[in-house]
Each structure stands twice: as structure tokens, then as C-alpha cells.
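**Q** The residues making up each chain are set out below.
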Amino acid sequence: MAICLKVPQATPVAVFKLTADFREDSSPNKVNLGVGAYRTDDNQPWVLPVVKKVERMIVEDQSLNHEYLPILGLPEFRSSASKIALGDDSLAILENRVGGVQCLGGTGALKIGAEFLRRWYYGYNNTATPVYVSAPTWENHNGVFADAGFQDIRPYKYWNAEKRSLDLAGFLGDLESAPEHSIFVMHACAHNPTGIDPTPEEWKQIAEVMKRRNLFPFFDSAYQGFASGSLEKDAWAVRYFVSQGFELFCAQSFSKNFGLYNERVGNLTIVAKDNENLTRVLSQMEKIVRTIWSNPPSQGARVVALTLNSPELFAEWQENVKTMADRVLLMRAQLKAKLQALGTPGTWDHITQQIGMFSFTGLTPHQVEYLSKEKHIYLMASGRINMCGLTTKNIDYVAESIHEAVSTVQ
Amino acid sequence: MGDLNSNYSFVSLSCVALCLEHQREDGHALVPPLIWKIKQQISTDPTLHADFAPALGLPEFTRRATELALGRECRAVVENRVLGIQTVGCTGAVRLGAQLLRCWYNRSTGWRGPVYIPSPFYAVFQAAGLPDVRQYRCWEAGQWAASEGHVLEDLRAAPEQAVVVLCATAYCPVATDLSQKHWKHLAHVLERRKLFPFFLMLGQGLCLGDPEQDAWPLRHCVSLGLELFCAQSFSHSFGLYGERVGHLLLVLKQNTLLLALQSQAESAVRSLWSRPATLGARVVATVLSNPANLAEWREGVRSAAERCVLIRERLREKLRLLGAPGSWDHLTQQGGLYCCTGLNTCTCCRGGRLNVTAINSCNMDYVAESIHLALTSPL
Numbered sequence: 001m002a003i004c005l006k007v008p009q010a011t012p013v014a015v016f017k018l019t020a021d022f023r024e025d026s027s028p029n030k031v032n033l034g035v036g037a038y039r040t041d042d043n044q045p046w047v048l049p050v051v052k053k054v055e056r057m058i059v060e061d062q063s064l065n066h067e068y069l070p071i072l073g074l075p076e077f078r079s080s081a082s083k084i085a086l087g088d089d090s091l092a093i094l095e096n097r098v099g100g101v102q103c104l105g106g107t108g109a110l111k112i113g114a115e116f117l118r119r120w121y122y123g124y125n126n127t128a129t130p131v132y133v134s135a136p137t138w139e140n141h142n143g144v145f146a147d148a149g150f151q152d153i154r155p156y157k158y159w160n161a162e163k164r165s166l167d168l169a170g171f172l173g174d175l176e177s178a179p180e181h182s183i184f185v186m187h188a189c190a191h192n193p194t195g196i197d198p199t200p201e202e203w204k205q206i207a208e209v210m211k212r213r214n215l216f217p218f219f220d221s222a223y224q225g226f227a228s229g230s231l232e233k234d235a236w237a238v239r240y241f242v243s244q245g246f247e248l249f250c251a252q253s254f255s256k257n258f259g260l261y262n263e264r265v266g267n268l269t270i271v272a273k274d275n276e277n278l279t280r281v282l283s284q285m286e287k288i289v290r291t292i293w294s295n296p297p298s299q300g301a302r303v304v305a306l307t308l309n310s311p312e313l314f315a316e317w318q319e320n321v322k323t324m325a326d327r328v329l330l331m332r333a334q335l336k337a338k339l340q341a342l343g344t345p346g347t348w349d350h351i352t353q354q355i356g357m358f359s360f361t362g363l364t365p366h367q368v369e370y371l372s373k374e375k376h377i378y379l380m381a382s383g384r385i386n387m388c389g390l391t392t393k394n395i396d397y398v399a400e401s402i403h404e405a406v407s408t409v410q
Numbered sequence: 001m002g003d004l005n006s007n008y009s010f011v012s013l014s015c016v017a018l019c020l021e022h023q024r025e026d027g028h029a030l031v032p033p034l035i036w037k038i039k040q041q042i043s044t045d046p047t048l049h050a051d052f053a054p055a056l057g058l059p060e061f062t063r064r065a066t067e068l069a070l071g072r073e074c075r076a077v078v079e080n081r082v083l084g085i086q087t088v089g090c091t092g093a094v095r096l097g098a099q100l101l102r103c104w105y106n107r108s109t110g111w112r113g114p115v116y117i118p119s120p121f122y123a124v125f126q127a128a129g130l131p132d133v134r135q136y137r138c139w140e141a142g143q144w145a146a147s148e149g150h151v152l153e154d155l156r157a158a159p160e161q162a163v164v165v166l167c168a169t170a171y172c173p174v175a176t177d178l179s180q181k182h183w184k185h186l187a188h189v190l191e192r193r194k195l196f197p198f199f200l201m202l203g204q205g206l207c208l209g210d211p212e213q214d215a216w217p218l219r220h221c222v223s224l225g226l227e228l229f230c231a232q233s234f235s236h237s238f239g240l241y242g243e244r245v246g247h248l249l250l251v252l253k254q255n256t257l258l259l260a261l262q263s264q265a266e267s268a269v270r271s272l273w274s275r276p277a278t279l280g281a282r283v284v285a286t287v288l289s290n291p292a293n294l295a296e297w298r299e300g301v302r303s304a305a306e307r308c309v310l311i312r313e314r315l316r317e318k319l320r321l322l323g324a325p326g327s328w329d330h331l332t333q334q335g336g337l338y339c340c341t342g343l344n345t346c347t348c349c350r351g352g353r354l355n356v357t358a359i360n361s362c363n364m365d366y367v368a369e370s371i372h373l374a375l376t377s378p379l
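Protein chains in written order, with this note's numbering: chain A, 1 to 410; chain B, 1 to 379.
Just chain A, with the same shape it has in the complex (with noise of 0.2 Å):
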């Protein structure tokens, strides 16, 4: 008897496929503009130096515990990543209506809070409950909600490819037309993969009829002082829902922003309606997480925690963070400047408008084979770049390739 005499083969996570072929690629030209990391001008990934320091005073510090941490994770973590998504001045934190459960990176806290959901969210049996994604969005939204139990999956308008910009009024109207109580999946800031955030007045739309229409807000904050270089301004829309009397749930993640994606540092933030909701939710969601890693890695929440309770380490961390926007920026400048000045077709403002790590290029499934089968530079069928795979060393290339591609290609 076999375990599985008809295990198929599984569509391959496209991002992994992609990093794959890049790897195999032996062109000594080769760029790989897919996977979501930051890589240093020089092409290398690069450990914060802040994060050295702290990582070596946990090592030597005898005093700590090393023990398993509590369920819920490391306290002094989860306090300081709420307050860093909602703000020191937090009134909701100040009603002590705030609470935080330590996850397995930004992926993990959407886990937990999909089970949250499917198990609490409005009555006890949420599986027919519509999820909304935005279309498109990061492919594993719907593989974490899907394997929460959620069979109602749909996509929200939200990328207008022929204007490359927000379609804020299909947004809208999806909105309008959801099923009170649906969940809205939503990007904080620096939307993966278009890059395309709603400004603040069109949030406020967004909140308006959120409100009125009881729809869920559950926030994906994978990038926060990454995308714009302030800590503030790319927690803006969390904290205006906050303000705005939302409960929600905020998924946070401090892979790009600590530069600490090995070790998987997440945070689900939860505002509840009064502390003793939130001491409810708070004991569900042990529950849930007892049933799947227990309790949480304890290095990354440290070096975190340490960081953010420290002025000192905290104005360090800030600066390490405005480097890696200030390059991000820089490289969607020069790409921009580098495409008009080759008189490449079509309109490139959409590289400096979008914000964050990635670019939505507009490039179609022809021009992105004709890219890696012809000039070795790798990204997404969808047209997705990473900026951080950008340097001044290829950019030439880059520009010249993808100029070479809208030429020649459709």
C-alpha cells in the first residue's frame, strides 16, 4: 500500500520556477528582476547593519531565556510591531483594545487570521463568507485564505492596465456590491505587484463605504517604511481605518524592512471593538496556533523587539531602511529617464508613480519570454519587476532590452 498512488505534480509556485531558471542561466549578462528581496547595488542581499549589532548583543547576552516563548510570541515584540503600524499616539492601543499574536513572517500572520476568520468572523462557520482580493494581487492571498477553508474567494477591480493606474471606481463599485460582512483583503502600502497605492483621499472612499456597507478590513503590511522611506506615511491608510472606528485585522511583516526574511518575523496586529473582545479573539487564536507551530522562532522577534524599544537602535534602523527606499527610488528614476531618453513606445510615468519594490512594467507574456529566452533578464509573466534586481551596473542593459522587446515585440 503507498502513501500516494496518485500524487500529481503541483503547479509550480511560479516566483520559486522563476529563481530557478535564473539560476541555471549560465549568460554572464543575466539579471533577475523576480524575486522579492533587496539586493545591494552591488547585486547581494544585504544583513542591516543594525541588525548585525543587535544579533551579536543577543548572542552574548547570558541573561536571556532561551527557552520556548509564550503561544502568542515574545511580548515586548508584539507590543512595539502594533505600535509601530498604529502609531505611539494610538488611541486604540491607549483603550487597550490592541493586540498582537507573533507569526511565522507577513504569510503566517495572514494564516492565523484567515483561521481567526473562517472559525469567528461573523457566526461560527465563515466557509461560504466571500473573501475579496485585489486583482491582481500577491498569488499567495488566495492559497492561505483557500487553505484556511474559505470557498468564496473573489477578486476586487483594482489595477486599470490600459491607464496603468488604481480603477478607484471599479474598486468602488465592488465595494458597493459586496455582500455585507464580505472580508477585504487590502495592501497597506506598496501594492504587490502593481505598485499602485490609493492616495488619501481615495482611501477615505474606500472607508466610507467599508463602513457603511459592514464590510472587513484585513490589511497586508509587508513593506512599511520601505515604500516610501517614513514609517508614517506608509502606515497612513491602517491607521486612518483605525481612526475611523474599524475593527480589523493588520498582517505585518518585517522581512524587507529588517532585511530579515530567514527568519520569519511577522506580526498580526488586531484591533477589536474593547479589550474584552480582545481577550477573546486573543484566546482563539492561541487555539489555532497550538495547532500549527505551538509557539513561535524567537531570534528574529528579539532582534525586532530590541530594535524598536531602543531610541538609539531605532534611529539607526530607520536610516538603514530610507537607504534601501532611497536606492528603490532611485533605480525607478534612472529607468524612467533611461526609457524616454531611448524613445522607448509607450508612456513610462507609471515607474515613478508606483512605489515600493516592484513595478508593474505593463510589459505583455511576449515581450517578458522574449526578455529571458533572448537577453536573460527574468520576471514575471504578469509583466512584475523588482526594482531591487535593478543596478547601476545593468540598468543600461535593462533599458535597452526592454526597449528592444516593446520594439520589436507584442
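Careful: at least some of the hints might be erroneous.
Calculated cross-link-like contacts (lysine to any residue; reagent style SDA-like; alpha-carbon spacing at most 25 Å) [said to hold, decoys possible]:
#	chain 1	residue 1	chain 2	residue 2
1	A	K233	A	F314
2	B	K37	A	Y68
3	A	K17	B	L261
4	A	K30	B	F52
5	A	K30	B	D51
6	A	K287	B	P114
7	A	K163	A	Q410
8	A	K30	A	K375
Quick partial rundown of chain A residues pointing at chain B, CB under 10 Å, derived from the structure [unchecked claim]:
#	residue
9	A10
10	A37
11	P45
12	W46
13	P49
14	Q62
15	G105
16	G108
17	G143
18	A146
19	G149
20	K163
21	R290
Chain B stretches covered by chain A per the calculated footprint, using a threshold of three residues with CB under 8 Å from any CB of chain A [said to hold, decoys possible]:
#	region
22	50 to 64
23	120 to 131
24	251 to 262
25	278 to 288
Keep in mind that the hints were calculated from the coordinates and are not lab data. Since this is a predicted model, take the numbers as computed values, not measurements. Just so you know, even glycine gets a beta-carbon here, dropped at the ideal spot from N, CA and C.
Since the structure of chain A is already known, use the hints to place chain B on it.
**A** For chain B alone, kept in the frame of chain A given last:
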């Protein structure tokens, strides 16, 4: 509970800290010197970057973890029928294994159980979508000893193709010890009844003082050609608790299915935690891949296991001298990190289960006196 020792007003006997000789005054575990040294090396290594680990974990870690469990010359490994996956602790390994079973085990029949399990991981199986979880008896309640008879009886009565969770090392929650002879009988029943073994291996090396000996039940089943899963924890044997280092071993009958299963596992991991955390896995890989480190580690687990035996003997002797009611032979007959005392209510040990390693020369008298008091005070 009796007079409070001036240094210890509370002794946590449920906590799972592997104390060894390295215990702080507050009772918490120090990091074993070898582990601390390796962590220091890692924190100052300029070649190590912080990029995502592969979804199924660091390859060097999974290779070494597989080798530790199955040995160097395992036929199943040579035949490419083994998949190793780094997980978030043992719980993560059980959760992932349970999900893979729900999706791919006897898929054509829509199998949803039963799962036979003597340990507290039943909630994990249920959360993974396998609600039919059943207990099987594994010990003689009156004698607090492993009962081969009960185990075999219950498993012979289990429906074919049931999953059976088995503790390879005497650990959790019941410190049962089955001899090799018993394990051979058990394996025979597993084969005959077409049952699917899901091993739990926590604290490998800490039960018999020898990782190979502790892995014997698992290796025996693999040598018979059985298909099985094994969830490994590295918390206790490496003093890596907060780091959450776990490993799921999948041993298949046919290597033709390996790649497909690997792709499905990647897909499952993507929705659970996406990628595992690396620090703990790096430490374990560094220990297991370096001969000097490996030798030091083996010596560490050997002496920890020896210390457990000594503590059990001393505790039994103290209880005998105090005149604590009942027979305490089971303390030395059981093995591993935990022992079941037979106490029915005890504020410091859930279900009467004691963590042997939490007892040391400073608190031994207090613990023995407290047990004696618990048994002799009117309730």
C-alpha cells in the same frame, strides 16, 4: 506545598528546559556551551546572508537531520525514497504531515482517518482536517509501565490503513519503554494490518544516551520497507527551544512519487508559514556536519541521559526513605526525560508527569518532600 525552600519557592516540573549541569539560579536553562559557541560563530560570519530559506528548508540541515534519524547507510535514502522537510518545531512537522495525509493518503477513497494517537498532538490532526482521532492504550495504569499487550491488542483491532502515531523515544507524554523485541512485534502488526506509522522522535539520544539506539524503532520499520512519516524535534537534544527546529521525514515505497510529493509539500508549506526560520537549523547542521562538534554533542546527550537515570534513582530512594506510600520502581523502569508519577492531581506537573531534568541537587529534597506531602495530606 510543604515548607518553602528559600531558593525555590516554585519548581517548574512541567517546563521542558533541558537543564543538564547548565542551570541558572532561576532554574532556567543556559545555552549548552557548544550551541552558544556556534551561535556566536553564526552571528559574526560575514558570508551568511539573510535571504529566504528554501520552502522545504536548508538542504544541509535536512540532509543531516535525515541522516541522524535513519543512519548513514539507509537503503531507503540510497534508493531515493526519502524526503526531508525542515519545519517549525515538531508541531509544525506533525501539522504538515497531517495535512499531506489528509490530501494524499488513499485519496481515491476520500480517507479521513482514523488516526490512533496516545499523545496530545490530536488537536493538530483535527485542525488539519482529520477529526477521527482515537486513543490507544500504551501502558499499565496501575503499574505505570509500558504495556506491549495493550498496544498490540488495540492496534490489531484498528481498521486497515489507519494512521498510528508512535513515540520512537520514551518521551511524551508517557515515558513508555518498549524493548526491541516489543517493537518487532509492533512492526509486524503494522505490516499485517496495513497501518501507517507516524513516528514522533523528540529528544533523540536523550533516552538511551545514544542517538542510534533511540532511533532503532524507526530504523527497524524502515528496514522492513514500510512507508511512514517521522516528526523530529531538536529542542531537547540541542537546547534549541525558542528557535523552533523541526523536521518531517517522509519515507516512501516508491521513488517515482518523490518529486510529485515534494511539489505538493512545497504548496502546503506556502500556505502555512511559507519558509522556515533558519537560525536553529543552521546550528544543528553545524553540529552534525563537523566531526569535532558531533563528538561533543554526542557526549553531551550521553551524559544528560546518564544524569536522568541518576536523578530517577535518587528520587526513588528519597521517596522510599520518606516512606511515601506506594511502590516507586516505575521511576527507574521508565526512561527518557519525563516520568509519570501516578499522582492524580499535582499543581506542578500536569497529569502527574514530571520533567526529570528539572530536578537537581538543589531541589531534589523539596520535590521528594512535596510528593510525599501530596500523597499523605488529607484531601
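**Q** Under 10 Å, Cβ to Cβ, is where G143(A) needs to be relative to chain B, so tell me if that hint holds or is violated.
**A** holds (5 Å)
**Q** Is K30(A) close enough to K375(A), meaning Cα to Cα at most 25 Å?
**A** Status holds; Cα separation ~7 Å.
**Q** At a threshold of 10 Å, is the proposed contact between G108(A) and chain B supported by beta-carbon distances?
**A** holds (5 Å)
**Q** Between K30(A) and D51(B), does the CA-CA distance stay at or below 25 Å?
**A** holds (20 Å)
**Q** Given the hint that K233(A) pairs with F314(A), does the C-alpha gap stay at or below 25 Å?
**A** holds (17 Å)
**Q** Do the alpha carbons of K287(A) and P114(B) lie within 25 Å of each other, as the hint requires?
**A** Holds, at about 22 Å.
**Q** Is the interface hint satisfied for Q62(A)? The criterion is a beta-carbon contact with chain B at less than 10 Å.
**A** holds (8 Å)
**Q** Does G105(A) pass the interface check with chain B, least Cβ-Cβ distance below 10 Å?
**A** holds (6 Å)
**Q** Return the status of the interface hint for A146(A): holds when the least beta-carbon distance to chain B is below 10 Å, violated otherwise.
**A** Hint holds; A146(A) Cβ to chain B Cβ min 8 Å, cut 10 Å.
**Q** Restraint: G149(A) near chain B, CB-CB cut 10 Å. Satisfied or not?
**A** holds (9 Å)
**Q** Tell me if W46(A) is really an interface residue toward chain B, meaning its C-beta lies closer than 10 Å to one of theirs.
**A** Where the cut-off is 10 Å and the nearest Cβ of chain B is about 8 Å from W46(A), the hint holds.
**Q** Is the interface hint satisfied for P45(A)? The criterion is a beta-carbon contact with chain B at less than 10 Å.
**A** Status holds, d = 4 Å.
Going through the hint list in order, the structure does not satisfy hints 13 and 20.
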